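Chains as they are written, first to last, in numbering that gives the first Met the number 0: chain A, 0 to 685; chain B, 0 to 243.
These aren't lab readings, by the way, just hints derived from the structure by calculation. Among the hints, erroneous ones may be present.
[Unchecked claim] Taking lysine to any residue and the SDA-like style, the derived pairs with C-alpha atoms no more than 25 angstroms apart in a straight line are: (1) A:Lys39 x A:Ala131; (2) A:Lys605 x B:Lys147; (3) A:Lys70 x A:Asp101; (4) B:Lys147 x A:Arg516; (5) A:Lys95 x A:Glu80; (6) B:Lys120 x B:Asn68; (7) A:Lys620 x B:Thr158; (8) B:Lys147 x A:Arg650; (9) A:Lys605 x B:Lys215; (10) B:Lys147 x A:Gly301; (11) B:Lys128 x A:Ser103; (12) B:Lys147 x A:Ile551; (13) A:Lys605 x B:Ala191; (14) B:Lys147 x A:Ala165; (15) B:Lys45 x A:Gln12; (16) B:Lys147 x A:Gly652; (17) A:Lys620 x B:Gln219; (18) A:Lys438 x B:Asp86; (19) B:Lys45 x A:Gly301; (20) A:Lys192 x A:His412; (21) B:Lys171 x A:Tyr603; (22) B:Lys147 x A:Ser103; (23) A:Lys95 x B:Gln219.
[Said to hold, decoys possible] Far from chain B, some chain A residues (derived; all Cβ distances over 10 angstroms): (24) Pro227; (25) Leu241; (26) Asn368.
Remember, it's a predicted structure, so these values are computed and weren't measured experimentally. For every residue, glycine included, the Cβ atom is placed at its ideal position computed from N, Cα and C.
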Amino acid sequence: MQSSRNTLSSLWQTLFGDPIRAFGVVSLLLLISLAIAPAKNHFSDWRHYQKQYLTLIRSRGEAIALQRHFKDGIQQIWLPELGVVDRCTTCHVGLKEASLVDVSTQPFRRHPAIPHPIDQFGCVMCHRGQGAATIVEEAHSSTLAWEQPILPARYVESSCGQCHRAPLTGTPQLNLGRHLLARYGCVNCHTVKLPDGGSMRATDDAPSLSHVADKTTREWIYAWLKDPQAYAVSATMPNFKLSDPDARDISAFLIANSTPVPGDTLSAGGTAQKTPPDPTAGASLYGESFCASCHAVQNAAGNIVGGDIGPELTRIGNKVKPEWLRAWLRNPRIYDRETAMPHYRFTDQQISLLSVFLQNKADSDLLANVHLDAPTPEQIAHGKTLVTEYGCASCHEISGIKKPENFAPELTHIGSKPITQLIFLPGMSHVLPDYISAKIRQPRSFGLALKMPQYSFTPAQVDALTTALLSLTDRTQSLPPPLTVPAPPPSNYRAAGKAGRLIDDLACFSCHTINGRGGDMAPDLTWEGSSVQRQWLKDFLKNPNTLRPALIRRMPKFNLSDSDITELTDYIMTVYQSPAFDRDSMPPSGYPPAQVEQGKQLFYSKYACQSCHIVDTKTDKGYIGPTLTQVGSRLNAAWICHWLKNPQALRPGTIEPNRNMSDEDARALTAFMMTQKSSGRQGAKK
Amino acid sequence: MSRLLLALFAVSVILANAGCARKPAPGTALKATGFGSALVESSGSKQIGATGTVLSQPLVVQVNDDQGNAVTGALVEFSGPASVRFDPSAGLTDSSGQLSTNVTLGSMAGRYRLTASTLTKAQKKIDLKIEEIALGYQQQVGYQLGEKFCARCHNPESTPERVSNFDNLEVKPHPFTEGDTLNKMSDADLTAIISHGGPALNKSALMPPYGYTLSKTEIQALISYIRLVSDPPYQASGTVYAQK
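This is chain B alone, in the form it adopts within the complex (with noise of 0.2 angstroms):
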């Protein structure tokens, strides 16, 4: 009996050495050469791409020092809520104290907060808080029918393939990231004013009505859109995924 007892000590003792044998050794991790003691974005941040995408463009972050010159080798780690994906997770800034990551989003549509962290000499961290967008089927609906029936008026930024028209016209149009003013209208007043144009909500007729040229549904998915893009955020509008 104790030998049956000895046989299955020894064989639980080598089942958890060999569980403890899986784990990566430490030390091959990064190991930081610099260290600075601001940490800025660069370039990358609130994009807007679909749920469980990469991102267009890489989030690109740099590293400071005291006099605002740029750190060669410190280390950044990104972090988020754990559906997100970074590639790489971590690295060392390059030689002009920067360091890129591609984004991939999580499954849900939302706004996303990540952090970038860095340490100083002092072994204090320092956070930078960084937010994308991440569109799902309803807010992409929404996007798209956004750039072509919108945009044009209520994006004032021109591009050459998109000439904005927001200089040209004599009352401007709200653009779609400013909370103050669209969070304050509910979903009735948005759909009232999309359906049967600016006079509807006694605003001015510059803007159309599209109650005929869109369907409920879309009108629907433009509103999900355009609660999603405010800034400040709208309150009632879907969760904000955050690391815990």
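With the rest of the complex left out, here is chain A (with noise of 0.2 angstroms):
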């Protein structure tokens, strides 16, 4: 000790022993700190990266052009009006050389091909992350003092949704996110509010439970909330993990609170035949019906193969009652009238056929464990505080019970969480994408106590949820209007008169979109009165025939009666109309020779147009656009015409190309094509 203690007196007697000393050895250290700063500047990170960079560059046949390009010094882009910073372009210098295609290390290479300009958007706009640091780590990692993380890859799409609310043609997993949020009922519990004002809308149609006993046993609801997805592989039902008690319990208070649907209206559906009827009839009514376009049914190979509109149908003999069933085929709306249905005009003959085809499609194995006894009191009222607490009224009406409000939390700003503010489970990294796709993957894993059920999303779902969720970020709510881009209003259109009740009644709207409402699965009808004559769409309503015979999915027959046909033709022909053109500015035959030869010319060379089309069925094969062997008689000869000239402006979105084509040849084309009658196509060749 006493050594040390004279070193240290002695080296102070060296530096500090004279004024002169002392102050020089002072300035010395002034100096030193002063150039501290300095010297951090000139070795800090990205002084380093454009020093690599241009000895990068040096080497390449395009020195010059990307050495005029480099611009020494820290870069920046400054967007005020979005609150943006970046100075990323520091060090990540060849974003915009495109001729640094072949460089793939980082932070050189060239950025991807993106709609939009980076010098207009910045980075963190898109990427997250420190825009305004200069040092690697704080700029991309969450570090003590930053919140902000850069965003992974996997769930960029995410930072598109924060200002397009529509679906955008390069965002795919965007797009499935936000639908599954709404098919899989996920904002009946979690409100999610847009910018616009208004809430997410859940598109899972939940039945409601206020009649469940008309429709289906005891046995099978303790079974289905059980396990949903070991009676239906698609179901969106998500399983709840209940006790058997438990199920008991809920079970009973359904059936319990379940009362008749006004009316007799079992009785309705028929009663049963004696004799069993040819099952292969059944089958093949099902087909004929088109059921499949909307009802899945698993087969043995265990694909899932129909239509996810209604339910799937693979073990529906289970579930439904007999009579309840007949009722349902002979009219849906009266069970539930705000059904996907459409109301088939179903002979009885026909009901029976159907039911019992369907009545046989059943898993033996289903309720063949479930034996309840009589429920008691004490039982339902411990069912009906189950499904309060549950919060089962969220997604399904049960009379007595209202829909809770606020029910979960709230997601509207789930995206920009602060990490603070998150309880992540052990081992977890924690960054927010992992914890919002821990909670979709395993709810319960957060905790015992916690109601969110167990969903059965495959990895690619919960990456698409994930990335909807993460678009709901505290700049999707702050936005200046002019810089979003909003999705267009929700239709709630509806057609008026006793037309509209028809329309209402066949469902049209399951398949068609009319005025911005309604399904894709089928034409659009908006237009459909300029489009169509009117014989030709009575006709098709009466007995629907094959337009498109590549389809799998189309057009029922719904048996309707001649007085609804005339109601629904006079409608469509009257209101359906485009403002475009007059429906009647050309004739419908009656076209000079001359023309009709140059229009088959035109079809078959010029446009090539069987290509996609037929119109003579022994040489042409094109099978893309519908039949044209009766287009003189389907269409009017104005609406092809100008469909011709271009497709997209009468109905957006078609894939018939744009031609540009000159009005003398629309016009030849469309005198070929009136010339191909139902029955006058022998006359055309005369």
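Dock the two chains into a complex; use the hints.
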């Protein structure tokens, strides 16, 4: 100790022994400390990368051009309107250099093609991270002082969703995620407010449980509650992981709480046929009625085949009561006024065939082990408590139970949630995307008492949902309206009068879009009145024939009465008219033969329409567009002419290319088309 | 002074030990119970997915022995460029000799060369090369447009949902994967034939023009997609990401 003290005091003596020497030493120290800042600057990350970049480009052929583009020093993109100060381009120097296509080392890669110029959007709008930081780690990862790490590339589409509210071609994952949020009813429990003031609406279409005892048995409800996917693999209902007694009590309550549908509806379905009908006839009626356009069935290979508008029917026989099924097939709108199922006008014979066919779609093992004793009042009361606690009424209508408000945490700002407010599981990386995706995959792993049920999403679906949720940021809500791209407002168009009631009854909107409302399975009918001829429409409604033979989803036959057909035809021909042209401006026939011949030449040579369409069934094979053998009896001449000149103007998004056709060519082709009549095809050849 | 040094040394030794202790203990890795002599792909290669996303189908490989019988319990390891993730990245084959893994592609568009490997009884390593394709934003747009406007004729494969028109055409279109033909065409040629139809390059009029239907950006996107999926790969197209 003594020796080290001696050393120190001698050191002091040497440095500060006399005033001049002390002055010199202090000045030196001061100089050194002044040099710290410039030195830090000199040895900073970005200088290192800029030097590396210069070395990289020196040996390249286009070195001079690259050298000219290169700017020394800290670069910055400043966008006051968006609150963006991005210095990323200080190190990422080659982002805009198209010739750096072969460079794969970061930070010198060029940026892949995107629709927005980097100068106008900056980097953090899409990638997140700390734009103002000039140190690699602070810019990219979540270090002590910074909250916002870089968004993993797999979720980058979420950033598009901050401004774009409608689906985009380039963001399939975001589109899917938003669809799933609505389709699986996530937004029934979790409110998601939209910047325009509305809220995201669910499309899960969960059935009302107020009359459920009419439809199914307590045993089925029990089995369904225990594991919905055991009944139907594609079911959107999640698994609540209920204990046996809880499932028993909920099923007891739902049956006890159910009231019959007003009126004697079940016996109206007719009685079961004594002799079992031909099973193949039931299957072919199922096919002819195009049930598979909306309903799926799991085939022997385990694949789900069919549409997803209606519920999967693989084991429907286990679920529904025969008398309910017959009443439903007779008129589904009595049990559920808003159902997407059309009211087929089936005959008694057809109802019997179909109901037996469907009833046979059953799995004898499904309910084999379900044995429930008659419920006690306590069990029913407990069931009611459970139904309230689990928020069943968020999705399902249940008489006597109100739809809960704010049942689950609101997700309007989930994409900007500070990490400090989250509770992570041990072993999880502390970043928001991982937290969200873990919550979706295994909600109960965050605590057994949590109510959120278990969904059976695929890894791709979880990523899509995470992407959609990450798009719900503070910026989504706060962006000035001129900078956002809103979705078209949802249309609640309804047709008026008697025809309107028929259109609702036949659930036309389930497949067709009219005035912005409806499905996309079948053609948009907004301007159908300008498009088709009255007689063809009447015949088609009576007996829909095949316009596009390659399609597996076609218009079913509804067995409409003549008066219903006249009503619908009149309405469509009068109301669904395009303002773009006069329907009657061109005659249905009587075109000069020379013009017809010219049209035929154009059809087969210049425009080669036969690659997609069939006019002569002997020679033409095109299977993409509708068959045109009878187009002269189907479409209006003026519609054809305008369609040929610009198909997308009449039906946005149609795949027939715009040929930029001259008026003369379009008229000649129209003349040729109008000779293709249902009975006059031979006449055209004369 | 020396005590100070001693203390510093002690602290550094403790730190170094702590650093070592955090490393996973060896021996917990999977132990192979079977050994094969061949590694084949069962399904899941040549898939097309968006950058950074999980491929829709898992990658399944199978280990066989000399007689071509499936081997159970063989250790298979997957590897690829650093940005690609496998779940799981290694595992033992099941009773049918197969191992399946979910592949998450890297963040750049391009072709990803992946490797599956297993050891023979003689501890010789067998590799299986697999290729997957990642679409960036531009190729993704091209893919969607291609599916909507082009695939009905250019893709000979039919599904119940989309019946191919390929067989109905007198002059057969080139599938987008047909690199032998398409790689010889320049970007300008492809732009011309898409915009102005077959006759622009003295080819069949059955190929209609899309220049008035698609925008320039959309046609560019379509071409970048075609370039990415062509087989053999298009030379000037994006980087190939492979393990160093």
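Hints and how they fare:
1. A:Lys39 x A:Ala131: Holds, because 18 angstroms separates the two Cα atoms, which is no more than 25 angstroms.
2. A:Lys605 x B:Lys147: holds, 23 angstroms
3. A:Lys70 x A:Asp101: holds, 22 angstroms
4. B:Lys147 x A:Arg516: Judged against 25 angstroms, a Cα distance of about 22 angstroms means the pair holds.
5. A:Lys95 x A:Glu80: Answer holds: Lys95 of chain A to Glu80 of chain A is near 23 angstroms, not above 25 angstroms.
6. B:Lys120 x B:Asn68: holds, 15 angstroms
7. A:Lys620 x B:Thr158: This hinted pair holds, its Cα atoms lying about 18 angstroms apart.
8. B:Lys147 x A:Arg650: holds, 15 angstroms
9. A:Lys605 x B:Lys215: With Cα atoms ~24 angstroms apart, Lys605 of chain A and Lys215 of chain B stay inside 25 angstroms; holds.
10. B:Lys147 x A:Gly301: Not OK: Lys147 of chain B and Gly301 of chain A at ~28 angstroms, beyond 25 angstroms, violated.
11. B:Lys128 x A:Ser103: holds, 21 angstroms
12. B:Lys147 x A:Ile551: holds, 17 angstroms
13. A:Lys605 x B:Ala191: holds, 17 angstroms
14. B:Lys147 x A:Ala165: The given pair, whose Cα atoms are some 19 angstroms apart, holds under the 25 angstroms limit.
15. B:Lys45 x A:Gln12: Roughly 78 angstroms between the alpha carbons, so the hint for Lys45 of chain B and Gln12 of chain A is violated.
16. B:Lys147 x A:Gly652: Satisfied, since the Cα-Cα distance of roughly 10 angstroms is no more than 25 angstroms.
17. A:Lys620 x B:Gln219: violated, 31 angstroms
18. A:Lys438 x B:Asp86: Given pair Lys438 of chain A, Asp86 of chain B holds - Cα atoms ~19 angstroms apart, limit 25 angstroms.
19. B:Lys45 x A:Gly301: Distance ~24 angstroms between Lys45 of chain B and Gly301 of chain A Cα, so the pair holds.
20. A:Lys192 x A:His412: Holds: Lys192 of chain A and His412 of chain A sit about 9 angstroms apart, inside 25 angstroms.
21. B:Lys171 x A:Tyr603: holds, 17 angstroms
22. B:Lys147 x A:Ser103: Given pair Lys147 of chain B, Ser103 of chain A is violated - Cα atoms ~32 angstroms apart, limit 25 angstroms.
23. A:Lys95 x B:Gln219: holds, 17 angstroms
24. Pro227: Its Cβ never comes within 10 angstroms of chain B, the nearest being 23 angstroms, so this holds.
25. Leu241: Non-interface label stands for Leu241 of chain A: nearest chain B Cβ at 30 angstroms, farther than 10 angstroms.
26. Asn368: Holds, since 28 angstroms exceeds 10 angstroms.
Checked against the numbered hints given earlier, this structure breaks hints 10, 15, 17, 22; the rest are met.
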